[in-house]
Structures are given as structure tokens and as C-alpha cells.
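2 protein chains.
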Amino acid sequence: MKLDTVAIIGVGLIGGSIGLALRQRALARTVVGIGRTASRLRVAEESGAVSRVTTDVRQGVADAELIVVCTPVGHIADHVQQVSRVCRADALITDAGSTKGEICRALAVGLAGGGVFVGSHPLAGSEKSGPEFADPNLFEGCVTVVTAAETASERRVAQVESFWQSLGSRVLRMSPDEHDRAVAEISHLPHLLASALAAAADPQDLILAARGWQDTTRLAAGDVELWRQILSENRRHVLQSLDKFGKVLSKFRQALEGNDPAELVRLLQLGKSNRDSVAS
Amino acid sequence: MKLDTVAIIGVGLIGGSIGLALRQRALARTVVGIGRTASRLRVAEESGAVSRVTTDVRQGVADAELIVVCTPVGHIADHVQQVSRVCRADALITDAGSTKGEICRALAVGLAGGGVFVGSHPLAGSEKSGPEFADPNLFEGCVTVVTAAETASERRVAQVESFWQSLGSRVLRMSPDEHDRAVAEISHLPHLLASALAAAADPQDLILAARGWQDTTRLAAGDVELWRQILSENRRHVLQSLDKFGKVLSKFRQALEGNDPAELVRLLQLGKSNRDSVAS
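Read top to bottom, the protein sequences are chains A and B. If you count by my numbering, then the first sequence holds residues 1 to 280, one letter each, in order. If you count by my numbering, then the second sequence holds residues 1 to 280, one letter each, in order.
Please keep in mind that the hints were generated in silico from the structure rather than gathered at the bench. Treat the hints loosely; a few may be bogus.
Identical chains blur together in the list; that is why a pair holds if it fits in one copy or across any two.
Said to hold, decoys possible - Taking lysine to aspartate or glutamate pairs in the DMTMM-like style, the calculated list, with each CA pair at most 20 Å apart, reads:
hint: 1; residue 1: 244; residue 2: 202
hint: 2; residue 1: 128; residue 2: 215
hint: 3; residue 1: 128; residue 2: 140
hint: 4; residue 1: 2; residue 2: 161
hint: 5; residue 1: 247; residue 2: 257
hint: 6; residue 1: 251; residue 2: 225
hint: 7; residue 1: 128; residue 2: 276
hint: 8; residue 1: 247; residue 2: 202
hint: 9; residue 1: 251; residue 2: 202
hint: 10; residue 1: 244; residue 2: 205
hint: 11; residue 1: 244; residue 2: 263
hint: 12; residue 1: 128; residue 2: 223
hint: 13; residue 1: 247; residue 2: 205
Quick caveat, the model's predicted, so the values are computed rather than measured.
Build the full structure now, drawing on both the sequences and the hints.
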């Protein structure tokens, strides 16, 4: 897909990486970076992630045929409505939020003005944040979930899918609720456990932290407010995943309390089978 | 420290890495690899980790002034006693086991023959196992805990410390029980949580597994029987660490159930502070 003007709202790790990928692959003639913080916009502009920057949404989206909202999940629905009020009538609006249910429900009542919204979640990123960590290959080989809302036509959903594919991503179509259930298990619960494990450590013992602790707790270094919003928005599914995890953890505990080597082997083997089925 | 003959019992990741480090740093004239499996011994010999190999403990340790027992924790005390029966009277025996309490208690009653035992635990390694993953720089910058038993003189403990330092490791001296408490928290609990998280995942959802899930569950790919032994040997401390973790996890749960953003931020920030204090 070849685009004329793309606007990116929020030029952090994800927004900046989208800009870099679009420009390095020559997929858009102009990429406009929109944000509130001049210093972040400057970093994005200087890195080549965007062609020009502005703090004015109206001015930034005026010519855009595609607008990607890359702000923290708690603000996405509001930002989509702000965009809708000032964008072209035929604009396509998507996002990169880690939750989809609340956003899609908030927008299902209808947009305030022009444009059509189709939700997206690229499962890329890291514990790092900010435009200085943007990477043009961030989406290469990653999976992006696209959530088809009833208000968007098949043609518009397919355009969003094609956009992510052009950045190197594989695309999966899911309902917002199915997405939120699955990422609670595969992304949000791991974050919560990494944070709890790191929080439970006695700082004096951290001199012994080697690769195992580092890997298992790496997500805990992530942006606190960003993850507070993600966990809050998806708390119903995260609590369900936590219940499911708690049942497995209880089995480990019982196997240790009962000194049951066969059960411990069975549980460790179950974890290993799932882990071995995924890339390192 | 410059050695004439060192014998390594068990030439897996740790034993093979010790051999490679000794030989590449020219710290020993002869390194003998001792094991039960001819194919693994062959890999160690061909990689240059050992000068010669044998399946006969008596023959392997006959000339050794230092013997490092690198077998799984459940076998270490027995292997040290086997070595003691056939080694030089002045030999120094150490190990690389991830638990220390049971091993040191079993050996505190006295060795069956010659030699002196000082326990060690290099906090290196990965989810990989086997001599093919051996790395001469595995101990570079890692911490090795040396547990001073009452039966070993200060001079002998200092020799073991000097040995690990010569491989590039920093050394910490701890009691076996203090070691087991601390590694339960920093190494064994993370392994258990990684395994439980991986075991709790629905295989159908693993298509969404990205870097976060991969990092958090990486330890679950480790050798099942090796980790069964570690968790079993140290189960008392692991259960205590699990209790402590459970209390923190309950706070996360309550913050989600009560939709309490301030408390969620506090907990995430606590985890981030600990995580940020350790290298990535």
C-alpha cells in the first residue's frame, strides 16, 4: 500500500517506529508527527521518523488519509474522537493500543465527525519507551491484531491489515473481547508477575541476580503509568488470567509441600513444552 | 592461581565452561573430563574444554590437586564422597551446585577418604544445558557464592575463592543456609514462576507470544530433571519465597479488584525500582 500523508499521534517507541518503517520503506510521501511535548517531537523529527511535526491536531491530520493514534491506552478513545472532528471525511483512523475492548466500545457509539475507526494492536515493543528507542524493523515478523468493528466496512478493515503487513507484520483478525482475553494471558499477566517478582525481592539479595532473574523480571522496568492504564483497562480479563495462573501455581506449591517429584516433573514438563513451542 | 591437574566431574554447560576457561586462560596444565556418557565427553574433548576424558573416577582424579563436581545437585554429595575415596590426600574438592544446605550438611559429617570439600555456586548458566553450549566467558563478571564449611581451613576456602576469581568471577562468602534462602528468592522462585506461567498458557494463544512472554518464561525451557532436583532440595526456602511473593501478588490482585490506580502505581513502581537497580 502506498500512501500520500500519514499522521501519527504520539511519537514514542511505537509511533516513532511506525514513522521510521514508513519512511525507510518509502510507503508514504509525508509522515506528520503530532504530540504535546516539543522535545519528543524534535527527537522524532531528527531521527527521520517523521517529515514534519506539530502540536496542533487539526493542522496535523488535515491532509492525512491514514491517522495512527499511538498514545497510552487510557487516552486513545478521546484522541480518536478529537481526530474525527477535524480529519478528512474519508480518513482511516487506527491505533496501537494494548487493549481493545474499552476503546472499541467507546467508539462503537459513533465518531464525532469524519473518518472510520478500525482498532489495531501490534504485539511489538519492549520495556523501553520514548522515540529514542524507535526501530524501523520493530514490526518485522511481529503479529498485529486487527479488531473489526461493526461500523467499519470490510474494505476499510482490509486497508488497515494491509498497512501493518506493509510494515512487515503478520495480521490476525479478532474481536476486541477475544483480543483482550488472549493478551491478558500472554502479555498483561506476564507483566504483572514480572512486577510482583521484582517488587518481592529484598534489595540486599539483588547482588545475586543473574540472567534468570533479569529475564523473568525484565518487563517490570516498563513505563509505570502506561502499564497502570493497560492493567486497569483490561482488569477483568487480567483477573481471570491470574485465577487460572493461581491454580497452576497452587499445584506447584502442593508438589513442593508434599515433596512429590513425579508431580513436579509433570508440571515443569508442561511449562517446558509450551515454552519450547515458542522462539527463544 | 596456576594449577597442574584439574578434574571436572560432569562436562555439561558449567563443567565444560570451567574447562574452556581454564584452558584458554592457561590456568591448568591438564584438565581431565570425567563423565558417564561417552558422547558428551567426546563433545567436551573436541571443543577443547578438557585435555583428556575418562569414565573412571579413580583414574580421572588420581593426579588432580583440584576436583570440581559439576553434576546435578541431587548427586553432588555422593560424587564428592566417591572422589574422596580415590583422590590425593591433599586434594581440594568443590562443586557448582545451585543448592548448598543439603550438600554441606551431608558432607559435614566427614569425607570418606582424602581431600577437603568447600562448596561453590557460580550464578551463571542459562536455560540451555550440555557441553555444546559451554562458554569460556560464562563466569566473566558473574557472582560465585563460596560456602565455608567448618571442616575447611581458611587457607582452603581462600584457594577455592581464588580459583573462581581466576575464571573472572566475583566471589561472595555465605553460609549454606543463607545462600539457599537468597537463591530461593533470586533464582529458584523465578524459575518456578516462569514454569507456572508457561504451563498456564493455552497453546492456542501462543501465536500472540512476543518478547514479553518470551523473556518472562525463558527459564521454563530449562532441563526438567535438573530443576526438579534443585526445587526439591531447596523446597523449604522456595516455599518461604513463594509465600512472600504471594503476599505481593495479593496486593496487585486487590488493587485490580478495587480498581485502585494509586495502589497499582505504587506496586508497579516498587517493582520498577528493584528492576532498574539491576543490569538489563
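Structure versus earlier hints, numbers of those that do not hold, lowest first: The structure conflicts with no hint, since it agrees with every one listed earlier.
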